[in-house]
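Take these sequences, add in the hints, and give me the full structure.
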Amino acid sequence: MRNQKMVCAMPKCSCCRAHLSTAVTSYNPNGQHKKKQKHQNANYSEAWVEFLDKSVAKTVASMLNAQVIGGKKGDKWRDDIWTMKYLSGFKWEMLGEQMAYEKQAHQARLRAEISRSKTEQGEYLKNVDLARQLEKRNAKKAAAGESGNAAPSTGDDTKASRGYKQRQAVEKSKTLEGQGMDGVLGNIFG
Numbered sequence: 002m003r004n005q006k007m008v009c010a011m012p013k014c015s016c017c018r019a020h021l022s023t024a025v026t027s028y029n030p031n032g033q034h035k036k037k038q039k040h041q042n043a044n045y046s047e048a049w050v051e052f053l054d055k056s057v058a059k060t061v062a063s064m065l066n067a068q069v070i071g072g073k074k075g076d077k078w079r080d081d082i083w084t085m086k087y088l089s090g091f092k093w094e095m096l097g098e099q100m101a102y103e104k105q106a107h108q109a110r111l112r113a114e115i116s117r118s119k120t121e122q123g124e125y126l127k128n129v130d131l132a133r134q135l136e137k138r139n140a141k142k143a144a145a146g147e148s149g150n151a152a153p154s155t156g157d158d159t160k161a162s163r164g165y166k167q168r169q170a171v172e173k174s175k176t177l178e179g180q181g182m183d184g185v186l187g188n189i190f191g
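In the numbering used here, the protein residues as written are 2 to 191.
Hints are computed from structural coordinates only; laboratory data are not their basis. Warning: the hint list may mix true and false statements.
Listed next, with one range per pair, are the computed distances between beta-carbon atoms [said to hold, decoys possible]: (1) Ser46 to Tyr125: 32 to 40 Å; (2) Gly164 to Arg117: 21 to 29 Å; (3) Lys59 to Gln108: 32 to 40 Å; (4) Asn66 to His107: 26 to 34 Å.
Built from N, CA and C at the ideal position, the CB exists for glycine as well.
Put into C-alpha cells, the structure is as follows:
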C-alpha cells in the first residue's frame, strides 16, 4: 500500500495539519517497505484538516460539502460523497482529548465486560462444585444403602426430613376442676 496523502481542492489553501482517524500506511522506521499483503483496505470513518486561515477553512468546507470525491475511474472512493463541516471554536488539541476520551471509554467497557465474565465464571464454577458434592453425597448414601445401613434416597431431597414430637393440648376447664376452683368462680360470677 502506498502512503496516503491529503490533497486540498484549493490551489493556495495553506493547509497546516491533516489527520485521518484510521490511517494504514506502509511506512517502516527501518527505511524498508513492508511486504505487500492481501488488499488491506483502510476504512476511514472521519478525518480532520486544520487551516491557517479561518476564511479559507469555511470556504473549503462549504465548497466540498455534498460533492462527489471523484478521481480516476478505478479509484475506490470515486463515487463517495464528501460531508464536510466547519467546526467553529474547535482546536487541534481538542482532537487529541476526544481521541483519548474515546480510548478510555473503550477500555472502561472492556474492563466492565471482563469483570462481568469473571463473576459469571465464578458462579458457574461454584455451581459445578456444588453439583459434584451432591453427587458424592448421593453416591455415599447409595453405597451405605447397598451395605444395609440405610435406605437409599431418591436423590431429589437434599435435606433429611425431621420429625417432631407433638404434645397434646390441655384444656383449661380440666385444670380448674382439678383444683376445685370451678365452683368458687361459678358462685362469684354467676
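Checked hints:
1. With their beta carbons about 38 Å apart, Ser46 and Tyr125 fall inside the hinted range of 32 to 40 Å.
2. Here the CB-CB span from Gly164 to Arg117 is close to 46 Å, at odds with the stated 21 to 29 Å.
3. As the Cβ distance of Lys59 to Gln108 is approximately 36 Å, the hint placing it in 32 to 40 Å holds.
4. Taken as a hint, the range 26 to 34 Å holds for the pair Asn66 and His107, whose Cβ atoms sit roughly 30 Å apart.
This entry does not satisfy hint 2, going by the numbered hints stated previously; all others are met.
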